[in-house]
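Trainee: These are the residues of each chain, in order.
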Amino acid sequence: MRTAVAWVRVNLFGGVFSSLVTLAAAYLIGRWLWAFLDWALVHAVWRAPDGRACTAASEGAGACWAFLGQWGRFILFGRYPYDSQWRPLLVIVAFAALLLLSCDRRLWGRWLSPIWIVGLVLNLVLMLGGVFGLDYVPTDLWSGLPLTLILAIVGLALAFPLAVLLALGRRSEMPAIRALSVAYIELIRGVPLITVLFMASVMLPLFLPGGTSIDKLLRAQAGFVLFYAAYLAEVVRGGLQAMPKGQYEAADALGLGYWRKMRLIILPQALQISIPALVNIFIAGFKDTTLVTIIGLFDLISTASNAITDPSWRGFYVEAYGFIGAIYFVFCFFMSRYSGSLEANFRRGRR
Amino acid sequence: MTDNGPMIELRQVHKWYGDYHALKGVSLTVNRGERVVVCGPSGSGKSTMIRCINRLETHEEGQIVVDGIEVTDDARHVAAIRREVGMVFQQFNLFPHLTVLENLVLAPIWVRRMARAEAQDLAMHFLARVRIPEQAQKYPGELSGGQQQRVAIARALAMRPQVMLFDEPTSALDPEMIKEVLDVMVELAKDGMTMICVTHEMGFARTVADAMVFMDAGEIVETAPPEKFFASPESERAQLFLSRVLSH
Amino acid sequence: MRSLKPRLGALLLQGLVIAAVVGLGVFLVRNALDNMARAGIATGYSYLDREASFEIGQSLVPYEPSDSYGWALVVGLLNTLLVAALGIILATVLGTAIGIARLAQNWLLKKLALVYVEALRNVPLLLQLILWWDVLRVSAPPPRAAWHPLPGVFISVRGIALPWPVLSPPHFDVPHFAGFNFTGGITLSSEFAALLIGLTVYTAAFIAEIVRGGIEGVRHGQTEAAQALGLTRAQTLRLVVMPQALRIIVPPMLSEYLALTKNTSLAVAIGYPELMSITNTTLNQTGQAIEAIALMMAIYLAVSLATSLAMNWYNRRIALAGA
Chain A
0 MRTAVAWVRV NLFGGVFSSL VTLAAAYLIG RWLWAFLDWA LVHAVWRAPD GRACTAASEG
60 AGACWAFLGQ WGRFILFGRY PYDSQWRPLL VIVAFAALLL LSCDRRLWGR WLSPIWIVGL
120 VLNLVLMLGG VFGLDYVPTD LWSGLPLTLI LAIVGLALAF PLAVLLALGR RSEMPAIRAL
180 SVAYIELIRG VPLITVLFMA SVMLPLFLPG GTSIDKLLRA QAGFVLFYAA YLAEVVRGGL
240 QAMPKGQYEA ADALGLGYWR KMRLIILPQA LQISIPALVN IFIAGFKDTT LVTIIGLFDL
300 ISTASNAITD PSWRGFYVEA YGFIGAIYFV FCFFMSRYSG SLEANFRRGR R
Chain B
0 MTDNGPMIEL RQVHKWYGDY HALKGVSLTV NRGERVVVCG PSGSGKSTMI RCINRLETHE
60 EGQIVVDGIE VTDDARHVAA IRREVGMVFQ QFNLFPHLTV LENLVLAPIW VRRMARAEAQ
120 DLAMHFLARV RIPEQAQKYP GELSGGQQQR VAIARALAMR PQVMLFDEPT SALDPEMIKE
180 VLDVMVELAK DGMTMICVTH EMGFARTVAD AMVFMDAGEI VETAPPEKFF ASPESERAQL
240 FLSRVLSH
Chain C
0 MRSLKPRLGA LLLQGLVIAA VVGLGVFLVR NALDNMARAG IATGYSYLDR EASFEIGQSL
60 VPYEPSDSYG WALVVGLLNT LLVAALGIIL ATVLGTAIGI ARLAQNWLLK KLALVYVEAL
120 RNVPLLLQLI LWWDVLRVSA PPPRAAWHPL PGVFISVRGI ALPWPVLSPP HFDVPHFAGF
180 NFTGGITLSS EFAALLIGLT VYTAAFIAEI VRGGIEGVRH GQTEAAQALG LTRAQTLRLV
240 VMPQALRIIV PPMLSEYLAL TKNTSLAVAI GYPELMSITN TTLNQTGQAI EAIALMMAIY
300 LAVSLATSLA MNWYNRRIAL AGA
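Those protein sequence lines, which keep their order, are chains A, B and C. For what it's worth, numbering that gives the first Met the number 0 labels the leading residue of the first sequence as 0, then goes sequentially. For what it's worth, numbering that gives the first Met the number 0 labels the leading residue of the second sequence as 0, then goes sequentially. For what it's worth, numbering that gives the first Met the number 0 labels the leading residue of the third sequence as 0, then goes sequentially.
No lab work stands behind these hints: they were computed from the structure. Careful: at least some of the hints might be erroneous.
[To be verified] Here chain B is said to cover these stretches of chain C; the calculated rule only asks that three of the stretch's residues, wherever they fall, bring their Cβ under 8 angstroms from a Cβ of chain B: (1) 45-58; (2) 259-267.
[Stated by the list, open to error] Simulated coverage check for chain B against chain C, where a stretch passes if three residues somewhere in it have a Cβ under 8 angstroms from a Cβ of chain C: (3) 84-90; (4) 99-110; (5) 152-165.
We put the beta carbon where it would ideally sit given N, CA and C, even for glycine.
I would like the entire structure built from these sequences, with the hints used as guidance.
Mentor: Laid out in structure tokens, this is it:
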């Protein structure tokens, strides 16, 4: 289409039905957009001493952003000791930096794993404290965004090696190992995540000798790892299946043993093919961290729910949930865009 | 719409893909009953040109007129043109979820609003004409490439078009199947069908063509009757092309 | 001729692995029995016959607190299947429409569908369910000032009242306000409505992408051939593209249906009494966590396996002849 007019004619008014749709959609969008801006900006209250004053000032027709000013920090960091909250803030920044760094393809290969391992350990030390003059903060005070990030990142990082073993096991020629791998994967994939978390949280203490107690966060993390290992295993298996048989044969012909063959030739290529699908699982995992609120961990949904029950700031659930909804959206949206661009790149490369 | 004018007329047609100038002022006239063969190196715009005729591609400048109807954005013009223009693709593009017979009756029933029985008779007639009536109940996946392309020709013919466009119909076929398809096309030409055929098959061109059109880099470089074109091409580019194509 | 050694090595390894797994299993079970004996918790499934003594807000079959835990579980399972079935149907309809809209020629329609898909897929489902629940619970007006978006439909704090068909004489029983609430028709609890709407809207976004992928997966040459024959866009879609797209669409669609069924378990967070919620209440009251959770997982597993079998059967049936 050379001209803007021609474009409008075909894409907005290309027929009777299309024109009606354009008019109806334009009307609805206009109305909703106006109502939203009116609520979010025009009648919004940016400063207020308490909830009642806020509602009064906006006449009930506007957003109360003062609520976020008052409670935003609590929603993000939860019950972590107030004076030490620079530590979870640093953890969030560090994770963001690590993730952005991982997008640079030049680092893939030798450097990425060591960087991540060091980064994870440092972040956990920073959160926990007890060394280097940092105050010790027990894990049941960890909450909000740092908790969500730790659950997702540590969970998937630990699930990954387990997933590779499961995928190899499922393709193994030894019947016992194959049977065990298939049973594990199909069992876990057949049940909802919440049941696995319940199992980890409620049943795990019963399965351990003499009532040893395990940290609640660790229990949830274990459940997460066990669950996502099964899903990641299926993605890795897909990558292994997509490898041309010639690669396996060439490695065998060179006389490489099983583990060397996997480590040096097959897995690096199979994993590279699987990366877009792996990123999609990571996005799902990040969203699924919200389930830990049901078993009593204090993630973003818990902190937000808590904030809106405060007696002097009741009922601003749209602001609170909108805030954390926006956080999740930004994170997931950019990750899925990245995964899409990876996929496009791979397809172009292999043409 | 029966004029006594030319069947297809292209006047100074230009097309761009973004910045890439794919068709540079192409002008061509095809009269009723004429058989035109278009040849040239790959990327010369041959396929693009004929795909503009039935609006599978859109041209930016110039006019294309088919049987007195101009090819524009107007959906009714395009529909009328597509009823009269039959197309055969390099990749056959048969509908894999339908039997051969169902492939042929689909358009007559839904576009020409024929009764099913009448459409089936018509389909069997054309299947006999391309010499594979016994395959009517098979699915495309069960046929060889040559058979599939013949079904594709029959499918286009079942709409009783005034013009047939062929876009490299034998390029995707194994060598031993090319002849059966070319034989059908030669018969079609002998029956007087107006055709524009993009192909590398020079033997076929010599037998059938009334005019050879040589295209290169988006423009028509030379038009000549086949005897003259093959014996003494005028342009250097045509000479180069022919020397490459005919040497093996 | 393969030498004996590798086969021996493999057998040894498998033996070790099996021994390790069995050993782990024995270890866990022994501890569990120990711990439970010490805490005075019973073992076994006899609790299923005991009296449940808790209320269930919504039930498809008659239920009293004096009924057994086993019966309560059945009620929960039926509630799960109810939401799953309705959700699957509604999400498919909505998702297909949005998927097709993603490929429309009208630019506004295309972009609106894109916004819908991106907005819903990138926010956690639990958060969406909680939002819907709060909207229906907190923002909804009292019954006497109920929202009235369509004839016969009333939305209030007490839930959504809808007309319901009656067999004899055949007519629609339309809800009307009487006293303090609506009578007539059926009333869906806020929890049920929130769960159904939230699951439908969320899953529809994923189904839309599956449908779009299926339609785009049909080779472009098919569309061109159909158009060259003179078929309209609508005819092309209906007669040529969709039949082929369905083959690409059905397997991931069935996976999505399974995911929706499993996602009903999130109802435990908003108080709708489905399988997960009832199991939760049961294990809180009886203390028999292992049995309750194991039973619940077995039920979900059965549903998943049934769906996998259905998918395999479908794939075999529709394989293109000669493909």
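Trainee: Run through the hints listed earlier and report the numbers of any the structure violates, in increasing order.
Mentor: 1, 2
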